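K.L.:
Going down the list, the sequences are from chains E and V.
At position 371 of the first sequence (counting the first as 1) the number is 371 in the working numbering, and the numbers step up by one without a gap.
At position 372 of the second sequence (counting the first as 1) the number is 372 in the working numbering, and the numbers step up by one without a gap.
It is possible that part of the hints are untrue.
[Stated by the list, open to error] With a straight-line cut-off of 25 Å between C-alpha atoms, the simulated DSS-like cross-links for lysine-lysine are: (1) E/417 / V/253; (2) E/391 / E/417; (3) V/54 / V/322; (4) V/54 / E/276; (5) V/214 / E/228.
Read the hints as simulated data drawn from the structure, not as lab findings.
Given the structure is predicted, the values throughout are model-derived calculations rather than measurements.
Chain residues, written in single-letter form:
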Amino acid sequence: MVNLENIVEELQTIVGAENAFAPKEHKFVVGGLTPSAIVLPATYEEVAAVMRVANERTLAVIPGVPSFLMIVGNIPRRYDVALSLERLNEIIEYEPADLTVTCQAGITVDDLQCRLGENGQMVPFGLSSPAPHAIGALVAANFSMLRLAHGTPRDFTIGMRVVTADGRITRAGGKVVKNVAGYDLCKLYAGSRGTLGVIVEATFRLVPLPQTTDRVELAFVRLQEACKFALDTYRRGLSLSAVDVRRDIREDRDTGASASAWVLRIDLSGTVAGVKRTRREIEHTAQAFGSREYEPPRVSEESSKESFYAWQGNRLECEASVLPTQVAGLIEAFDRDTPGAWVQSVSPIEGVIRAAWPDAGTNEELVRRLRNLTAHIGGSLVVTTCSTELKRRIDVFGDPPPAFDLMRRVKQEFDPKGILSPGRFVGRL
Amino acid sequence: MSPSTLIRDLQRAIGRQWVLYAPEDLLVYEYDATIERGLPEAVVLPDSAEGVAKVVRIAREHGVPVTARGAGTGLSGGAIPCEGGVVIVTTRMNRILELDPENRIAVVEPGVINLDISRAADPHGLYYAPDPSSQKACSIGGNVAENAGGPHCLRYGTTTNHVLGLEIVTADGDIVWLGGKTADTPGYDLTGVVVGSEGTLAIVTKVIVRLLHKPEATVTLLAIFDAVTQASRAVSAIIGSGTVPSALEMMDKNTMEAVEPFVHAGYPPDAGAVLLIEVEGLAEDARQQADAVVAICQELNAREVRIGLSQEDRDRLWAGRKGALGALGRLAPSYYILDGEIPRTLLPSLLDGVYEACERFGFRVANVFHAGDGNLHPNIMFDERVPGATQRVLDLGEEIMRLCVDAGGSITGEHGVGYEKRNYMSWIFSEDDLEVMARLKKAFGAEDGFNPGKIFPTSKGCGEVSSRMRAAIAKVGPEAYV
Numbered sequence: 001m002v003n004l005e006n007i008v009e010e011l012q013t014i015v016g017a018e019n020a021f022a023p024k025e026h027k028f029v030v031g032g033l034t035p036s037a038i039v040l041p042a043t044y045e046e047v048a049a050v051m052r053v054a055n056e057r058t059l060a061v062i063p064g065v066p067s068f069l070m071i072v073g074n075i076p077r078r079y080d081v082a083l084s085l086e087r088l089n090e091i092i093e094y095e096p097a098d099l100t101v102t103c104q105a106g107i108t109v110d111d112l113q114c115r116l117g118e119n120g121q122m123v124p125f126g127l128s129s130p131a132p133h134a135i136g137a138l139v140a141a142n143f144s145m146l147r148l149a150h151g152t153p154r155d156f157t158i159g160m161r162v163v164t165a166d167g168r169i170t171r172a173g174g175k176v177v178k179n180v181a182g183y184d185l186c187k188l189y190a191g192s193r194g195t196l197g198v199i200v201e202a203t204f205r206l207v208p209l210p211q212t213t214d215r216v217e218l219a220f221v222r223l224q225e226a227c228k229f230a231l232d233t234y235r236r237g238l239s240l241s242a243v244d245v246r247r248d249i250r251e252d253r254d255t256g257a258s259a260s261a262w263v264l265r266i267d268l269s270g271t272v273a274g275v276k277r278t279r280r281e282i283e284h285t286a287q288a289f290g291s292r293e294y295e296p297p298r299v300s301e302e303s304s305k306e307s308f309y310a311w312q313g314n315r316l317e318c319e320a321s322v323l324p325t326q327v328a329g330l331i332e333a334f335d336r337d338t339p340g341a342w343v344q345s346v347s348p349i350e351g352v353i354r355a356a357w358p359d360a361g362t363n364e365e366l367v368r369r370l371r372n373l374t375a376h377i378g379g380s381l382v383v384t385t386c387s388t389e390l391k392r393r394i395d396v397f398g399d400p401p402p403a404f405d406l407m408r409r410v411k412q413e414f415d416p417k418g419i420l421s422p423g424r425f426v427g428r429l
Numbered sequence: 001m002s003p004s005t006l007i008r009d010l011q012r013a014i015g016r017q018w019v020l021y022a023p024e025d026l027l028v029y030e031y032d033a034t035i036e037r038g039l040p041e042a043v044v045l046p047d048s049a050e051g052v053a054k055v056v057r058i059a060r061e062h063g064v065p066v067t068a069r070g071a072g073t074g075l076s077g078g079a080i081p082c083e084g085g086v087v088i089v090t091t092r093m094n095r096i097l098e099l100d101p102e103n104r105i106a107v108v109e110p111g112v113i114n115l116d117i118s119r120a121a122d123p124h125g126l127y128y129a130p131d132p133s134s135q136k137a138c139s140i141g142g143n144v145a146e147n148a149g150g151p152h153c154l155r156y157g158t159t160t161n162h163v164l165g166l167e168i169v170t171a172d173g174d175i176v177w178l179g180g181k182t183a184d185t186p187g188y189d190l191t192g193v194v195v196g197s198e199g200t201l202a203i204v205t206k207v208i209v210r211l212l213h214k215p216e217a218t219v220t221l222l223a224i225f226d227a228v229t230q231a232s233r234a235v236s237a238i239i240g241s242g243t244v245p246s247a248l249e250m251m252d253k254n255t256m257e258a259v260e261p262f263v264h265a266g267y268p269p270d271a272g273a274v275l276l277i278e279v280e281g282l283a284e285d286a287r288q289q290a291d292a293v294v295a296i297c298q299e300l301n302a303r304e305v306r307i308g309l310s311q312e313d314r315d316r317l318w319a320g321r322k323g324a325l326g327a328l329g330r331l332a333p334s335y336y337i338l339d340g341e342i343p344r345t346l347l348p349s350l351l352d353g354v355y356e357a358c359e360r361f362g363f364r365v366a367n368v369f370h371a372g373d374g375n376l377h378p379n380i381m382f383d384e385r386v387p388g389a390t391q392r393v394l395d396l397g398e399e400i401m402r403l404c405v406d407a408g409g410s411i412t413g414e415h416g417v418g419y420e421k422r423n424y425m426s427w428i429f430s431e432d433d434l435e436v437m438a439r440l441k442k443a444f445g446a447e448d449g450f451n452p453g454k455i456f457p458t459s460k461g462c463g464e465v466s467s468r469m470r471a472a473i474a475k476v477g478p479e480a481y482v
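Pulled out of the complex, with its shape left as it was, chain E reads as follows:
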């Protein structure tokens, strides 16, 4: 039995009285569990000291919260300490002409991009969101919106500092863009969702900001056509930074009948001449395809907010990864077998589908059917949002992958006592 006595007091001796406390608000809850203590270290040494205490007392720690990392994942086996990295928010080193930056894990994407933007550069997370996302969480989730053009954090994170489960400050990679010295542990930590170590610092390869950006939205009657159009456009090497399809359902203003359309959104970026030509070619080809320029519905901000919250409720949200050529077929299969999906975002070029089913947050049968349809064609499906009740019954990551035994052994070596986000990852690692 874990002894939870005096956790807060012990952590206070490390970080000071005001930076360790018992939770007073809900924002640290994960999978319905509330931690006994919240700790906000301000240095790597403090993070290490916190982990040493946790390791010694076998306290379960979830690092990098609050963040969207809390949403995706299985219910933790235990949750004793919420380790916030928000006070680690400095840029450590930035040399624009090297096109690299080293910063602490708690800095928000917005703050970092602001600083880099002064020199016409960015980290290619491509995130524009009102929520303040910390870069550490994005790396831990291997998340990026500009995947098409620049890959995911695993591709552009060249170095890290990681505090191990037993409280040692270690380094992986370096600060140079090309480096093959030793095992590339950055790849292992990126996407490991706080289960192998606490990422406290990252070094990124930067990219120049594009000279100009633009956006084209086209409406298609059939998803197949939207996907084919996207792949054809990509094949021509045009200046695309992100391509995404979503289903738009709306009432016809005249007849009142509801109609659906597939909206292909193409973000363009590059040189002025390149973007101009890309737009021209897209518009030209679109005519031949019989698609029309998309007209966004005219709705009041109030009613759009309302429908947004109504829909947010008890939903089941999934992310499927399949081959690009399988995307349209899989969504058709979803529509046949499991109607009612909000298709939020389809990446026809990368083969990633994000969809949600309203009022289905507890529907285990639906998850089983979606999994079968996806597994049948060799893809994978992660449940990104559902009710806590359903999370108790399923593994949100699906069946363990073929290499699960190796993954289990990696977890065992890196976190022998199972104190880092225990139970949250694939196969409840």
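Knowing the structure of chain E, use the given hints to seat chain V on it.
P.N.:
Quick look at chain V alone, frame taken from chain E:
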């Protein structure tokens, strides 16, 4: 010589004709493109993952290590069985199993030659991006093991950015798939750690690679400078300007002097350095980037900027770079290629340091390297017949590696750690850092079963290493690749 039980077991599993054990046959597998030598007890050429798994299990039963070998073009002794045992050669596993142009992926066996993937993908307008200079000869399995780079990695990244999945044989002899054909697969990115693990974690038996669409336009530029310092400044200015060329290579005066008589590239005899720069993309973008590069080079006093638009003109501009190493072999009886990585803004001072050190040691050096990435390749020329010369070259190499590390760089940008540099690992990694890496090896159950003696620092055998290096350095010559 009568075959040992190890040999007989291997013969039974794989077939007599695919197991080599006679001393004269083994000699061929004793070395690769550099430095190290080690004689295996047996060389096996399986033709499937199942065959590899059988060999691994037999070696394990006999308590001998296994080292995988592709084409033997590596520059850090990756394919050298330092502690003997069995060498698995992947030459027979050379099939392109699947090419899916719509989804832009190919599934290949490890013995497939790098360039053959691009050749197979070419009719579909696709190619495989990582292009080590040895791409006509090197195998994809070796590329995966070393996380191979090449001139065009500046824009497109190294092998690790182009591998989606791997089929591996573990030290237990199990066949396991890591990653897959799709963009995301749930779980830890084990593909990402096996790439670049120098054959110490697993033996790769299939590789899923990502293919790219060929760019619409490519422009090659050759900028000639009076001095290396000017060229280095131009590198920083180009990178800092928001232009990301697909390649940005530098050659210094000594390299040009070696190249000119053979390639007739037209380098002015008194020029200090040239930059070879490639930009690509849409025709409009390539043109605009080329203009920007020309402007920067002129601003920084380039004497001349030559522009190649047609394939023929571009090939001519590249000829000097591609022929450089072969030409260097004619300048001195031996040369020693170093591989160091630094932040690119420090190129001017670091190159000064390299020249200064080489002069102090009394050796001529030719620099031909991936300047845009900050990836240095000083080639030290020497005559190993001069007593003590080899040891001094090694000492000089160590000093140059120190310069890279002191500048905040790394001991290897693309050739790997191998045997030669394992004791430099502790310059850039703490004991804790290395201990964490060792945990990964333990998780794979590999311990000393696969390619022992590589990557990790050791206190044993340094004297022995040096004497073996001396013998091997003589081998390094025109066949070596950068």
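K.L.:
State for each hint whether it applies.
P.N.:
Structure-based check of all given hints:
no.	hint	in the structure
1	E/417 / V/253	violated (58 Å)
2	E/391 / E/417	holds (24 Å)
3	V/54 / V/322	violated (41 Å)
4	V/54 / E/276	violated (58 Å)
5	V/214 / E/228	holds (19 Å)
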